[in-house]
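A.B. asks: Each chain, letter by letter, is given below.
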Amino acid sequence: MEIREDLPENRIDHMAYLPGMEALESEVQQKVIERMEAYDYDKYTEKDVKAALAHRECTPEDFEALLSPAALPLLEEIAQKAQQETRKHFGNSIYMFTPLYIANYCENYCIYCGFNCHNKIRRAKLNETEIEQEMQAIAKTGLQEVLLLTGESRKMSDVKYIGEACKIAKKYFKVIGLEIYPVNSDEYAYLHQCGADYVTVFQETYNSDKYETLHRAGHKRIFPYRFHSQERALKGGMRGVGFAALLGLDDFRKDAFATGYHAYLLQRKYPHAEIAFSCPRLRPIINNDKINPKDVHEPQLLQVIMAYRIFMPFANITISTRECERVRNNVIKIAATKISAGVSVGIGEHTGDSENVGDAQFEISDGRNVEEVYQAIRNEGLQPVMSDYIYV
Amino acid sequence: MSGRIEKEDKLVIGGHSFDSRFILGSGKYSLELIQAAVEHAGAQMITLALRRANQGGMANILDYIPKGVTLLPNTSGARNAEEAVRIARLSREVGCGDFVKIEIMRDSKYLLPDNAETIKATEILVKEGFVVMPYMYPDLNVARDLQNAGAASVMPLAAPIGSNKGLCTREFIQILIDEIDLPIIVDAGIGAPSQACEAMEMGAAAVMANTAIATAGDIVQMAESFKFAIQAGRQAYLSGLGRVMEKGASASSPLTGFLQ
Amino acid sequence: MDIMVNGEHVSCEEGITLESLVAKRGHDVRQIAVEWNERIVPKEEYGTSVIHQGDVIEIVTFMGGG
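Sequences listed follow chains A, B and C, in order. All letters in the first sequence, in the order written, are residues 3 to 394 by the numbering used here. All letters in the second sequence, in the order written, are residues 268 to 527 by the numbering used here. All letters in the third sequence, in the order written, are residues 1384 to 1449 by the numbering used here.
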């Protein structure tokens, strides 16, 4: 089938806000993009990387060095430093959570994503009863933190619907995070009122030219609106915000730098904000098996995760279910502080008896249940924590 | 990481740029020594206090300060924001520029600054177009409030004023240097050139000193010693200090052996 | 008439301006600021500011300070 927006001339301006989108007066985007564009990772040498490891505070320039190719041969040394920083700030705690997909309708056409609106998959949306059943099933495993996800369809999963899901989640969980389409700050304030405290939005890539070619239609196409999501969420009263680039979409070093620097600038602007990173690599999706993580192999992925850790030692880092058991078990020893368990990325799969089942967004590599992940954490001499959160 | 030392290493405060990073206090010494002290210090900014004028055309400090030196009147004597604002407005009316160093004390024993009142005074004076340089007790939250209020720099104290005790608040000043996007000028308590040098090595943008010079055996030579110490500290900071070896930091077991 | 200058009672002739008062006390106008009944007076107004009985005036200048 021919898709209109596959032709560049049929796409809308990705840098212009659409009606209804809140436009923040913020200097952060310009600062991030300028510094990312100026980032020349080939100029860094082994000496710079070692100096970065020796510094008391990791500066943005040190962060650049840690992400450079010159750092690859020094991964072991970097890992020792990253581990020290992690233990210094988190002790041996590893936080556990699970994502819950409540809908997979999507209005965006993002060519690498399994939920994209032109991909012929089974679409579903849980009603309130089904949400409650799924949450009951998750809560039974002992988890106390849930991450609610939807596809990006305001029409099919509006803010009210997500708010209701938060209210139900509040009955079963202590910590509620959101990974939904970006909304305005008053809507974030409403969702915060309904019980959500954390918002994660993946920018995917910070290269707006590349971004434009990947996100061909839908609200997600608007690069600056997505970029400013975290800032709107903080203005809406959220306690914490999460950042991520989908590594492998574009130059992963530049994208990782922009992700860290974006978080760094927002932390300085909103010092109360809790900062978190996710570190996804591209995974194969249904109906498109050509997509594979290209230049982001395990060493490069670890390099990025460790650079995030050393640059922002107090930030939570989540290790994705896209990674396999071996990688996840090892990364929590070094830098990650948060791990999902009992993950299902389809719709309505936690209870398993629903007729209303939708297809998954991507393939997961670690299918372990909560008990298995819990034990694996213990086996590494670490302490699984379900929540250490006090509501005030 | 080359290119870190810029050819032009200027201190910029409120849009004005300075080559010198040494702010000299003018208290506690005779007027005749001021010119020599300023010159040997290489100072381009000097603090002053506002007082009632004596009758009868007595010598005025303004006659002794070399031309081209920026005057930084302080608000010493103010016990709250309102008094500080009044003093600042009067100082500006003398006609020597828009700079003001806010100094508010309501403790006569240690002379520690009142941070809460300092924030209030900063908010008011920034709106009136002053270049505001608040003297404060090094507290990150207060420094952020001052930054948001539009201060041109932040001046944390190293030790109680006039005590010459050095960098007693070192760790907290370091936090301000790391987190605040304004020049951090270490003020009060710096008693020796070595301490000024250390503050500059930490990344302070400038050092302000008065008592250490005023109470030295040879005021002019001490002013010059401070100049060299501050330059040395600045250059060391820009050069990037060498690494400090941590004891027993050798790797225990490899962490990256799992990679495929 | 009687006025207060820098906290002291001072007597001076009727109709005196700030400009004359300042000159009489030996101040260089470029080195002082004046507060007249709690209002700061711009220098260009000294000549037209006529002082009255009971007025409170502060004349300030700089001195050494840290």
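Everything labelled a hint here was simulated from the structure, so no lab data went into it. Mixed in with the good hints there might be a few duds.
Stated by the list, open to error - With a straight-line Cα cutoff of 25 Å, these simulated PhoX-like cross-link-like pairs (lysine-lysine) come out:
| hint | chain 1 | residue 1 | chain 2 | residue 2 |
| --- | --- | --- | --- | --- |
| 1 | A | 176 | A | 45 |
| 2 | A | 256 | A | 33 |
| 3 | A | 162 | A | 237 |
| 4 | A | 176 | B | 277 |
| 5 | A | 90 | A | 335 |
| 6 | A | 33 | B | 387 |
| 7 | A | 169 | A | 212 |
| 8 | A | 157 | A | 142 |
| 9 | B | 334 | C | 1426 |
| 10 | A | 142 | A | 122 |
| 11 | A | 271 | B | 334 |
| 12 | C | 1426 | B | 394 |
| 13 | A | 176 | A | 157 |
| 14 | A | 212 | A | 52 |
| 15 | A | 142 | A | 90 |
A.B. asks: Does each hint hold? Answer for all of them.
C.D. replies: Structure-based check of all given hints:
no., hint, verdict
1, 176(A) - 45(A), "violated, 46 Å"
2, 256(A) - 33(A), "holds, 14 Å"
3, 162(A) - 237(A), "holds, 19 Å"
4, 176(A) - 277(B), "violated, 51 Å"
5, 90(A) - 335(A), "holds, 13 Å"
6, 33(A) - 387(B), "violated, 30 Å"
7, 169(A) - 212(A), "violated, 38 Å"
8, 157(A) - 142(A), "violated, 32 Å"
9, 334(B) - 1426(C), "holds, 22 Å"
10, 142(A) - 122(A), "violated, 33 Å"
11, 271(A) - 334(B), "violated, 40 Å"
12, 1426(C) - 394(B), "holds, 22 Å"
13, 176(A) - 157(A), "violated, 29 Å"
14, 212(A) - 52(A), "violated, 33 Å"
15, 142(A) - 90(A), "violated, 32 Å"
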